[in-house]
Amino acid sequence: MTENEGIRLILQDNSDGIHPVVFSGGKLRCFCFSGVPFFYCGNWFGQGYPALKAVASVSGEELLRLETVYGCFYASVFEGVDGVQMVDSGYPREAVYAYGRALGRLHALSAVYVPTVRKRSYADILKWIREVLEEYGGSKGARQELEKVRKALDGLPKTAENYGLVHYDFEPDNVFWDASERVCRVIDFDDGIYCWYALDLAQVWDSLEDELEGEKKRLPEIKKTFLEGYAEEYAYTQETESMLALMRRFVNLRSYARLIRCVSSRTAEEPDWLVELREKLNGKIRALEDGFR
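Each residue of the sequence shown is one higher than the last, beginning at 1 in the UniProt record's numbering.
Possibly wrong hints are sitting among the right ones.
Said to hold, decoys possible - Label pairs and their computed distance ranges (CB to CB):
hint, residue 1, residue 2, range
1, S255, E215, 18 to 28 Å
2, D173, R278, 14 to 24 Å
3, G48, T267, 41 to 51 Å
4, K151, R258, 39 to 49 Å
5, A235, C262, 30 to 40 Å
6, C262, R65, 24 to 34 Å
7, R286, K119, 31 to 41 Å
8, L212, R118, 19 to 29 Å
9, L212, R65, 34 to 44 Å
It is worth saying that the hints were derived from the structure and are not from the lab. For each residue, glycine too, the CB sits at the ideal point set by N, CA and C.
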């Protein structure tokens with residue numbers, strides 16, 4: 001627990017793990033710093049999508065705007081979701097199919113969603129990447145790759161069928177397999193941006209390849225099953241597939257920017273585990289730089 005300027009951060013146990021809870025000014029209100037989930041922007045969450053559910057404050061609000069000495073924060077708290085994380089599910093066929101369906105349903109909802117609040121887009125992310133590369137000394141190859149990716153993305157068609165609000169973090173640790181209901185439940189919506197739906201799929205493939213590194217023989221069948229589930233809810237087209245490689249390059253650039261910013265922070269005395277972690281992250285940076293050449 002930490003205390004600073006009258007705000008206490010407390011870890012509170014919940015059905016799906018630990019949530020940071022904020023008590024403001026000694027009042028009974030409590031809510032979780034979690035970003036602003038994109039379903040708040042138009043509130044189509046009520047259409048039955050199997051996502052985490054917001055809990056209202058004592059004043060009846062599900063989303064609170066907080067003015068503090070550190071700036072403005074948006075805060076909320078959520079009920080725990082049922083099930084186990086996909087990373088711990090063993091990836092049975094039924095779960096993978098439901099995983100794909102959950103993403104397809106998300107994109108189907110997004111395709112008819114009319115925004116009322118502006119959310120970040122891929123262009124904002126590209127701008128942020130450029131700023132990070134300039135501030136933290138990104139490699140020449142990374143800067144050249146950024147320009148190539150920007151031009152390629154700007155040249156892609158944007159239609160109601162291929163472009164909209166994406167989750168941007170639909171990885172197995174943010175999706176829970178509820179075997180009793182035969183459905184996957186989704187959390188962590190706060191990274192959502194406007195981009196092509198292919199971005200979510202590219203990230204799913206990357207994360208599955210990482211998670212199943214020791215079981216690569218299973219990957220083709222798992223991807224096939226995932227797409228079968230996805231296609232039940234939303235069309236998977238050749239156009240979408242043709243975008244996957246470019247989306248992966250976009251993801252790699254963002255990962256690179258986050259990594260070089262992360263390792264730039266140093267302290268006088270660092271524990272062994274931090275030294276080892278830094279070396280591991282530097283290895284990832286070098287691998288990404290090799291890919292930019």
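(message) Tell me the numbers of any earlier hints that the structure contravenes, in ascending order.
(response) 4, 8
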